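Trainee: Taken in sequence, the protein lines are chains L and E. By our numbering, the letter at position 65 of the first sequence is numbered 65, and the numbering carries on one by one without gaps. By our numbering, the letter at position 57 of the second sequence is numbered 57, and the numbering carries on one by one without gaps.
Hints should not be assumed to be uniformly reliable.
Claimed, not checked - Computed, partial: chain E to chain L, Cβ under 10 Å:
1. W74
2. F75
3. G339
4. S348
5. P349
6. A350
7. A351
8. A374
9. D398
Stated by the list, open to error - EDC-like cross-link-like pairs, simulated, lysine to aspartate or glutamate; straight-line CA separation at most 20 Å:
10. E:K206 x E:E188
11. E:K142 x E:D108
12. E:K142 x E:E176
13. E:K367 x L:D87
14. E:K367 x E:D327
15. E:K367 x L:D4
By construction, these hints were calculated from the structure, which means they are not laboratory data. All values derive from a computational prediction rather than experimental measurement. Backbone N, C-alpha and C define an ideal beta-carbon position, used for all residues, glycine too.
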Amino acid sequence: MTDDIELALTATPGPAAIATVTGEIDLHTAPGLRARALELIDQGHHHLILDLSGVGFCDSAGLSALIGIWHGAQEAGGTLSLAAVPDRLMRMLTLTGVDSLLPHYPSTAEALNTHQGAPGAA
Amino acid sequence: MPEQASASEDGVPGKRLHLVPDEVVEAGRMEAVRRYDILDTPPDGAFDRVAALAARLFDVPVATVTIVDEDRIWFKAAHGLDGVSEIGRDPGLCGSAVLRDDALVIPDTLLDDVACGNPLVTGALGVRFYAAAPIITADGHKLGTVNVLDTKPRSITSEQTATLTDLAAIVMDEMELRLSALRTVRQEQRVAEAERAAREQAERDKAAIASFASTLQRTLLPPALPTVPGLELACHYHAASVHDVGGDFYDVFPLPSGKWGLFLGDVCGKGAEAATITSLARYTLRASAHHTDDPVAVLEALNSALLADVWAGARYCTAFFATFAPDAAGGFTVELATGGHPPAYHLSPAAPVAGPAHTRVEAVHPKGGMLIGAFPHARFASTTLHLAPGQALLLYTDGLTEAHTSADTMLGDEGLTAFLTARPASCGAAQLIEDTVGLLDALPQGARDDVALLALSVPAPDQAAAATGAGSTAHTTAAPAGEEH
Numbered sequence: 001m002t003d004d005i006e007l008a009l010t011a012t013p014g015p016a017a018i019a020t021v022t023g024e025i026d027l028h029t030a031p032g033l034r035a036r037a038l039e040l041i042d043q044g045h046h047h048l049i050l051d052l053s054g055v056g057f058c059d060s061a062g063l064s065a066l067i068g069i070w071h072g073a074q075e076a077g078g079t080l081s082l083a084a085v086p087d088r089l090m091r092m093l094t095l096t097g098v099d100s101l102l103p104h105y106p107s108t109a110e111a112l113n114t115h116q117g118a119p120g121a122a
Numbered sequence: 001m002p003e004q005a006s007a008s009e010d011g012v013p014g015k016r017l018h019l020v021p022d023e024v025v026e027a028g029r030m031e032a033v034r035r036y037d038i039l040d041t042p043p044d045g046a047f048d049r050v051a052a053l054a055a056r057l058f059d060v061p062v063a064t065v066t067i068v069d070e071d072r073i074w075f076k077a078a079h080g081l082d083g084v085s086e087i088g089r090d091p092g093l094c095g096s097a098v099l100r101d102d103a104l105v106i107p108d109t110l111l112d113d114v115a116c117g118n119p120l121v122t123g124a125l126g127v128r129f130y131a132a133a134p135i136i137t138a139d140g141h142k143l144g145t146v147n148v149l150d151t152k153p154r155s156i157t158s159e160q161t162a163t164l165t166d167l168a169a170i171v172m173d174e175m176e177l178r179l180s181a182l183r184t185v186r187q188e189q190r191v192a193e194a195e196r197a198a199r200e201q202a203e204r205d206k207a208a209i210a211s212f213a214s215t216l217q218r219t220l221l222p223p224a225l226p227t228v229p230g231l232e233l234a235c236h237y238h239a240a241s242v243h244d245v246g247g248d249f250y251d252v253f254p255l256p257s258g259k260w261g262l263f264l265g266d267v268c269g270k271g272a273e274a275a276t277i278t279s280l281a282r283y284t285l286r287a288s289a290h291h292t293d294d295p296v297a298v299l300e301a302l303n304s305a306l307l308a309d310v311w312a313g314a315r316y317c318t319a320f321f322a323t324f325a326p327d328a329a330g331g332f333t334v335e336l337a338t339g340g341h342p343p344a345y346h347l348s349p350a351a352p353v354a355g356p357a358h359t360r361v362e363a364v365h366p367k368g369g370m371l372i373g374a375f376p377h378a379r380f381a382s383t384t385l386h387l388a389p390g391q392a393l394l395l396y397t398d399g400l401t402e403a404h405t406s407a408d409t410m411l412g413d414e415g416l417t418a419f420l421t422a423r424p425a426s427c428g429a430a431q432l433i434e435d436t437v438g439l440l441d442a443l444p445q446g447a448r449d450d451v452a453l454l455a456l457s458v459p460a461p462d463q464a465a466a467a468t469g470a471g472s473t474a475h476t477t478a479a480p481a482g483e484e485h
């Protein structure tokens with residue numbers, strides 16, 4: 001497992017911001033991911049879409065980070081959506097019922113569609 | 001040579017200045033004697049050789065190396081004086097020589113008005129010739145003498161006197177070496193002693209911490225399961241480490257309504273923070289269950305309590321909470337609510353088919369139960385099941401399903417289901433727990449995380465008759481301290 005995790009703002013179409021996560025999310029990298037995502041929210045990107053297609057591994061520490069980011073987005077009056085969720089993370093989200101709070105989509109394009117189509121999203 | 005000057009050679013035979021020890025000088029001298037820590041030490045080759053050398057050089061029967069103590073003259077080496085280790089500090093010979101800065105030479109003791117009264121002179125030994133050089137430290141203290149004795153009068157040359165003084169200096173050098181070696185050894189002993197003390201303290205601290213952790217761990221677990229009439233209960237708890245207080249918890253207890261309450265859960269995380277949540281969860285669940293029989297309401301109360309805690313949002317848990325009571329059909333009705341916990345398994349004997357007996361396994365996982373303590377408006381879900389005679393219910397924490405069957409494969413739900421299916425179902429809760437622990441133990445790495453298992457079974461009518469009343473079984477294990485990973 002690597003200690004490095006990348007979170008890069010890749011697009012800001014409309015009110016949403018797409019941030020791409022690259023690396024493995026574990027006990028060591030999860031706090032960094034959480035801090036960087038909360039930073040983006042603080043900078044005004046309240047509707048965050050996390051592209052997880054570049055995430056190779058994610059355990060319960062990753063789930064904790066996502067819950068933390070969700071809380072941050074909620075406090076800012078925004079939302080957190082997930083795109084391309086890895087299988088193991090998806091199973092955890094379903095098992096823990098967190099999938100009902102975190103909208104998740106096969107791709108960022110579909111996540112974006114929902115955002116732009118949502119009433120009041122603009 | 002001025003340093004050889006002594007009263008008896010000053011041209012006044014028999015008239016020698018009688019030196020009396022000065023109190024301050026003597027106190028400093030004794031301090032020096034003690035510093036070299038040589039009194040009453042065993043014979044030492046170097047000092048013995050100096051005494052033997054002196055006897056040979058001067059061609060005398062007796063030569064000694066003495067250290068003058070407060071009230072005695074102690075022989076560090078005594079050539080020709082077998083069996084004598086010390087004599088009194090009488091004036092005249094060594095007792096006087098040690099008070100001088102230079103050598104003392106007495107050609108004929110009978111002609112010396114002080115020496116003539118010395119017991120060595122008047123006694124059996126009958127010393128007639130005496131010459132001594134003081135052993136002087138670098139800071140001027142006189143510790144003793146190197147001396148030569150004969151039973152007949154004789155005179156020595158100034159060269160011989162100088163030789164005696166050199167021998168005394170050699171003795172002094174030897175004592176300095178000895179002292180510095182002593183200091184090194186003592187320093188090493190002090191360091192070794194300090195290290196040993198530190199090591200022992202660390203061992204004691206480690207033992208105290210381990211004992212504290214295991215005590216805390218025990219307080220977080222129910223001491224024993226209650227006896228529930230008509231039901232067999234069994235549990236197992238395995239702590240991955242004796243040092244890390246685990247986050248798994250469970251309990252079975254009676255409710256005011258006459259039903260029974262049950263919970264099993266897993267706090268995300270480990271260590272002291274997780275332990276505070278474990279504790280909070282246990283007491284909140286028990287307290288809430290006394291106010292309501294609705295398992296969903298009990299989990300909601302826990303959700304609120306965790307969110308009100310200082311760790312709000314950062315610490316959460318998954319758990320099952322159930323109430324159960326005997327029903328008219330001879331089994332138990334179980335109302336089970338989940339908060340994000342992995343499925344429980346409802347086990348019943350499969351319809352008889354050819355081949356070995358096996359089990360029908362149904363996952364019990366009410367849809368929509370969320371993590372507890374993570375979200376303010378979390379929803380929890382419940383389901384009601386009937387546990388008929390001959391059936392069992394298995395609850396566990398994810399340490400079981402996340403146990404590795406190989407380097408990168410976990411047992412998983414599939415592996416657990418397959419294992420349960422292959423077992424004969426008719427066995428009771430105790431056997432189910434025993435078999436499941438056996439499954440874990442057979443894995444190459446065993447369980448890496450804490451594992452809690454809780455099983456309920458309703459004995460089949462024939463078993464119930466045989467086993468006059470069901471009981472409960474509990475066992476708790478912890479990995480030995482050395483087997484952490």
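Trainee: A separate judgement is required for each hint: does it hold in the structure or not?
Mentor: Outcome of the hint check:
{"no.": "1", "hint": "W74", "in the structure": "violated, 71 Å"}
{"no.": "2", "hint": "F75", "in the structure": "violated, 74 Å"}
{"no.": "3", "hint": "G339", "in the structure": "holds, 8 Å"}
{"no.": "4", "hint": "S348", "in the structure": "violated, 24 Å"}
{"no.": "5", "hint": "P349", "in the structure": "violated, 28 Å"}
{"no.": "6", "hint": "A350", "in the structure": "violated, 26 Å"}
{"no.": "7", "hint": "A351", "in the structure": "violated, 30 Å"}
{"no.": "8", "hint": "A374", "in the structure": "holds, 5 Å"}
{"no.": "9", "hint": "D398", "in the structure": "holds, 9 Å"}
{"no.": "10", "hint": "E:K206 x E:E188", "in the structure": "violated, 26 Å"}
{"no.": "11", "hint": "E:K142 x E:D108", "in the structure": "violated, 24 Å"}
{"no.": "12", "hint": "E:K142 x E:E176", "in the structure": "holds, 14 Å"}
{"no.": "13", "hint": "E:K367 x L:D87", "in the structure": "holds, 19 Å"}
{"no.": "14", "hint": "E:K367 x E:D327", "in the structure": "violated, 25 Å"}
{"no.": "15", "hint": "E:K367 x L:D4", "in the structure": "violated, 36 Å"}
Hints 1, 2, 4, 5, 6, 7, 10, 11, 14, 15 from the earlier list are contradicted by this structure; the remaining hints agree with it.
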